[in-house]
Structure formats: C-alpha cells, structure tokens
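Given only the sequences and the hints, what does the whole structure look like? Please build it.
The residues making up each chain are set out below.
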Amino acid sequence: MNCILLIDDDEPTNFLNELVIKQVDCAEKTVAVQSGQAALDFLKERINGGYPQPALIFLDINMPVMNGWEFLEEYKKLDSDQKAKMVMVMLTISLNPDDKDKADTIDAIDDFVNKPLTAEIVNEILNKHFADRL
Amino acid sequence: MSELDKYKRKLQKAEQKVRILEEMIEMRTRELYSANVVLERTNTELEQFAYVASHDLQEPLRTVSNFVELLDKQYKGQLDENADRYLRYINASTSRMQTLIKGLLDFSGIGRNKELTTVDCNAVIGNIIADMDSLIKEHKAQINYTNLPSVTAYETYLRQLFQNLISNGIKFSKPSIAPEIHISAIQQNGKWEFSVQDNGIGIDPKHHDRIFAIFQRLHNKDEYEGTGIGLAHCKKIAELHGGDIRMESTPDKGSTFYFTISN
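Heads up: the protein sequence lines correspond to chains B and D, in order.
Heads up, the first sequence is in this note's numbering, so the first residue is 1 and it goes up one at a time.
Heads up, the second sequence is in this note's numbering, so the first residue is 1001 and it goes up one at a time.
No lab work stands behind these hints: they were computed from the structure.
Note that the Cβ used here is the ideal one computed from N, Cα and C, for glycine as well.
A portion of the hints provided could be inaccurate.
[Claimed, not checked] Covered by chain B, according to a simulated footprint, are these stretches of chain D (three or more residues, beta-carbon under 8 angstroms):
hint, stretch
1, 1087-1093
2, 1219-1225
[Stated by the list, open to error] Derived lysine-lysine pairs resembling DSS-like cross-links, with alpha carbons at most 25 angstroms apart:
hint, chain 1, residue 1, chain 2, residue 2
3, D, K1174, D, K1206
4, B, K115, D, K1221
5, B, K85, B, K29
6, B, K76, D, K1206
7, B, K83, B, K102
8, B, K102, D, K1206
9, D, K1206, B, K77
10, D, K1171, D, K1206
11, D, K1171, D, K1235
So, in structure tokens, the structure goes:
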C-alpha cells in the first residue's frame, strides 16, 4: 500500500509501531505524527498535486489536546479524497463499555487493534482488509 | 361514648402513629449506620490497595531505571545509535511512570497527617516559595500575596493545593514573559474564597469543564510535562475542606483559580 499514518502522542510508541510496519514491509511510506491536529494537517496537504490519502490510519484514543474521538469528529468533515481507505483504532487496554457504545456509533472506525502493534497484528489486518492487494 | 373516651382514643391513635414513626426512624438510622460502616471499610480497602499497588510498582520500576542507568553509563556510544535511542525511550518512560505513581500516591492522600489545625496561609505560601526557590528563580517568577487569613484546615493538603496552583502558574507561563502570580482571599457566606491569578497562556473555554478531571491533559508531553493529576487533586482537597474550586480564564491573558474553604 502507498502509505500508513500513525497517530499517537507517545513518541516511543510511534517509533515502535513504525519499526514493526517497516519489518512487515507492507507500505511504501510510514508517517508518524504526535497529535490529531498534525494528522489533519498531513491529510489536508497537497503533495505533487494530490492528497497523501493513506491506505491505513492507526489512531490512538487517549491523547491530550485533541483525543482520538475529537480527531474522528474533524476527520468526518474532510473531503473523501482526503480520507484514508481504513481507520483502525489502537487500544492499550480494551474499551470500557461506554467507549464501546460510542465506538459503535462512529462509521469512520473500521476496526480495533491492541498496541503496540506486532508483525502478527499487521499481517492479520493485511489478510482481513487488504487481501485483494496482496 | 363520653367525650373523655373520644379523647383517649384519639390519644391512643396518635401515640400509635408516633411509635410507628419512631420505629421507621430507628430502622433508617440502622441502615445508614451499616451503609456508613461499609463505606468506611471500602475506603480503607481502596487506600490500602493504592498504597500496595504504588509501593510494589515502584520497586521493580526503580530496578529497571537503575539498570538502564548502568547500561547508559557503561555502554553508551559502544552500541549503535538505535541502542542509545532505545535507552533514552526507556529512561523517559520509566521516569514518567515514577512521576505518575508519585502523583497517585499524593492524590490518594496516603500517609498524610489528617488533623485539622489552625493554618496561617501567609506562612504556608512563604514555605512554598522557599521550597520552589530554584524554579522561581529559573523563570524569574513573581509571587505576590498580602494579608491572607488563618483558616482551620488540613495543613499538608492545603499546602499541596496552593503549591499545585502556583507551580501551574509558573509552568504555563507565556514564553518570554515572566510569570506573575497574585494570591488573595475574601470572606464570603461564611467561607474563605482564595484566588490564585496568573498571567500565563490561559485555557481555551472549550476545555474549561474538563480540566478538573483526573488524567486530563491539554498539552503534549514535549510541550508541557505533566501527569494530569494536579488539578483533580486540588478539587479533591477543596472538597475535603467543605469547599469547591472553579476557574476563569482568557486564552493568552491568564487564568484565575478560585477555591473556598469552610470557616
């Protein structure tokens, strides 16, 4: 796939996830940002006449300033050619029931994964959601 | 039936009603008492849990950070660039966890002297300023206060409250503008209302309702360090003193925190 976007305020977590994605070698480019705003800026910036439109976004929920839910609110407003093919929400521990209910009402979320990412998790996502492109 | 009998009957009925009411009150009292016993026990258990968790967590954490320090001292530069970066991440994460645990310990108020005494707030602020001397000098901060009252309070808690608000005022100052903090108090409805005013970056109104929630942070770690415990702790302390805490703020102008203490 063209590009994977990682959104997490914790730099070591971003680094670790980037390392795993490189190891699996499934994306031409991996971009890691430390805030929801930086992610929006990235998605909205034209490069060589087009938007980066990553195939996959990994999103952390618990972030300061703009948390994952607030990011998704803003993300919804983007033009369709600025959005990613797929959004995965990353979790440290499983969702509490309130968050689960909230997550079910948000269309933009395609799936949930545990963090940090591992090669197994990434491969599973590839098989499940990107099988046609392998 | 004679008039007298009528009255006797009425009196009997009334007495019966009183007895029923008395029984109901007694039952409610007993219920409340046992509910209180349960609450007290739960509270003690929670305190113990927090104590054990944080103490037992601290030990392995300290071991990790000690060994990382050793690795760093003895092998830095001998490994490759990646290894140095990994060590840096481990160091940053362990010290963040240490700060978090310490914050949680403070928040749960374990091992604190819980005794109400007459506390001279001028002396409290004076002590805080002496303690924070290096931070204050580093930021060229000015802390003004005059004629603060003496209040009946839990001294260590009250001190923590003031200290959190003052250190926030210094931490969230505007770049290139020296922090100025004014502390004052007025008497209102039988309570003392204290205000701690700063000239810092202020807080966006859309965040005003969540700043007192625990673990709520408004900034990335690399902008402003923090655990998200400080203001939640302040709220808890104000409530412990029969008061409350609130704030007024204009972004880019500064914030004022108001809290009350029962007289």
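Checked hints:
no., hint, result
1, 1087-1093, "holds (count 3)"
2, 1219-1225, "holds (count 4)"
3, D:K1174 to D:K1206, "20 angstroms, holds"
4, B:K115 to D:K1221, "19 angstroms, holds"
5, B:K85 to B:K29, "15 angstroms, holds"
6, B:K76 to D:K1206, "20 angstroms, holds"
7, B:K83 to B:K102, "21 angstroms, holds"
8, B:K102 to D:K1206, "21 angstroms, holds"
9, D:K1206 to B:K77, "19 angstroms, holds"
10, D:K1171 to D:K1206, "21 angstroms, holds"
11, D:K1171 to D:K1235, "19 angstroms, holds"
The structure agrees with every numbered hint stated previously.
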